[in-house]
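We have chain A; now place chain B onto it with these hints.
Single-letter residue listing:
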Amino acid sequence: QQPVQSPQAVILREGEDAVINCSSSKALYSVHWYRQKHGEAPVFLMILLKGGEQKGHDKISASFNEKKQQSSLYLTASQLSYSGTYFCGTEIQGHSGAGSYQLTFGKGTKLSVIP
Amino acid sequence: GAVVSQHPSWVICKSGTSVKIECRSLDFQATTMFWYRQFPKQSLMLMATSNEGSKATYEQGVEKDKFLINHASLTLSTLTVTSAHPEDSSFYICSARGQGADTGELFFGEGSRLTV
Chain A
3 QQPVQSPQAV ILREGEDAVI NCSSSKALYS VHWYRQKHGE APVFLMILLK GGEQKGHDKI
63 SASFNEKKQQ SSLYLTASQL SYSGTYFCGT EIQGHSGAGS YQLTFGKGTK LSVIP
Chain B
194 GAVVSQHPSW VICKSGTSVK IECRSLDFQA TTMFWYRQFP KQSLMLMATS NEGSKATYEQ
254 GVEKDKFLIN HASLTLSTLT VTSAHPEDSS FYICSARGQG ADTGELFFGE GSRLTV
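Here the protein sequences line up with chains A and B, keeping their order. Each residue of the first sequence is one higher than the one before, counting from 3 in my numbering. Each residue of the second sequence is one higher than the one before, counting from 194 in my numbering.
One chain only, chain B, in its complex shape:
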C-alpha cells in the first residue's frame, strides 16, 4: 500500500525555538495533505489542509502564523511550529490522499511527538 513518511518521529526543543516536521508521500503523488494534532487519549483534530502549490487552509482556531505549512511539491509537505511553547507539545500526524482520488483512504504518517 501507499506509504507516507514523517520526520522526525520525536523532537524535544526549548521554548521559543521553531521546529519543522516533514511529511513525504513515498510512492504516490499527494496533491492534498492533512495535518492533525492529537493530545493524549484524545481524537485527531484537523489543523489544516495543505494543497500543493497554494496556501494551506486552516481550521478555525488554528493560528496560521504559529503553524506554518508549506506544500512545495507533490510529495512533500512541511509543518513548522514557530516559537514553540509547552502548550504546543503534542502528537502531530500528517496524512495524504493520492492525486486524482476523489475519495479514498487516508494514508497516515508515523506521527511526530513534539515536547517543548
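Extracted from the complex, chain A is given alone in its bound form:
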C-alpha cells in the first residue's frame, strides 16, 4: 500500500523548479504532502481531496489526479529553505467511499537546494 515517490533525490540551484511525483496502486481518498528537515518532525504542506484538485501557496503547489491515483508536488523558483525530504501520504478509500483515516507515507524525496 505504500505509495511510490519519484525521484528519490534531486539537487537544484536556487531559482530552479522541481516536480515530485507520488503514485498509488489503491483508489485514493486524499493525498497529503509533508516536508521534513533533518532531525525534525514532518511539517504539513497541503492536502488534496478531490480528483483533479490543484492547490498551492506561495511557490509550492500540487495536483491530484484521482483516476490515475497520482499526485505531483511542484516547487517553483526554489529557495534554500525548500531543502528537506518531501513525503507524500496517501489515504485510501474505505468501503463506504469515505477515507480510511490512516496515512501511508512514501519513501520520500530528498531535495537539496544549493546557492
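Each hint should be verified, as a subset may be incorrect.
[Claimed, not checked] In silico lysine to any residue, SDA-like type, Cα no more than 25 Å apart, as pairs:
id, chain 1, residue 1, chain 2, residue 2
1, A, Lys57, A, Val115
2, B, Lys234, A, His40
3, B, Lys234, A, Ser85
4, A, Lys109, B, Glu303
[As the list claims (entries may be wrong)] Derived CB-CB ranges, DEER-like:
id, chain 1, residue 1, chain 2, residue 2, range
5, A, Thr78, B, Ser208, 46 to 52 Å
6, A, Val6, B, Pro233, 19 to 25 Å
7, A, His59, B, Ser208, 42 to 48 Å
8, B, Gly246, A, Thr78, 42 to 48 Å
Think of the hints as simulated: they come from the structure by calculation, not from any bench. Glycine residues also receive a C-beta, built at the ideal position from the N, C-alpha and C atoms.
Quick look at chain B alone, frame taken from chain A:
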C-alpha cells in the same frame, strides 16, 4: 495551528528496560492518534492507530506486547517500548487528527529519539 507535544524528545536506556513516550494534543481533542517509527533516511512507517477508550490497532509485523499503546484520554496517548533492545533504537513520532475531522492534516509531535 494545532499543537501536538511529545515527551521525551530523546532517551537513552539500557537493554531490557522499558521506555514510555507521551504524546499530547495541546489545544484540541484527538480521538485518534497515530504512532510512526522512522529509521535514519527512511520513511515514516505506521506502527499503530491509537483510539481513545479502546484498544489500539497495530499494523502487520508490529508486536503488540512489545509496543504497548494506551489512549486513556482525548489528549494523551502513550507508547511504551517494553524490554527494549538495540534494534528498537529509532525515531518515534506521534501524530493526531482532531475530533470529528473526517479528513485533515496530521499534526505531528516533535518526535522521540530512542537509543538503546
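Hints and how they fare:
Simply put, lysine 57/A and valine 115/A have alpha-carbon atoms about 23 Å apart, close enough for the 25 Å limit, and the pair holds. Taken as a hint, the lysine 234/B and histidine 40/A pair is honoured in the structure, with Cα atoms around 9 Å apart against an allowance of 25 Å. For the proposed pair lysine 234/B and serine 85/A, the alpha carbon gap of about 14 Å is at most 25 Å, so the pair holds. The suggested pairing of lysine 109/A with glutamate 303/B holds, with an alpha-carbon distance near 20 Å, which does not exceed 25 Å.
Take threonine 78/A and serine 208/B: their Cβ atoms lie about 49 Å apart, and the range 46 to 52 Å holds. Hint check: valine 6/A to proline 233/B, Cβ distance near 21 Å, so the stated range 19 to 25 Å holds. Checked against the hint of 42 to 48 Å, the C-beta distance between histidine 59/A and serine 208/B comes to roughly 46 Å, which is consistent with it. The hint said 42 to 48 Å for the Cβ distance between glycine 246/B and threonine 78/A, and at roughly 46 Å that hint holds.
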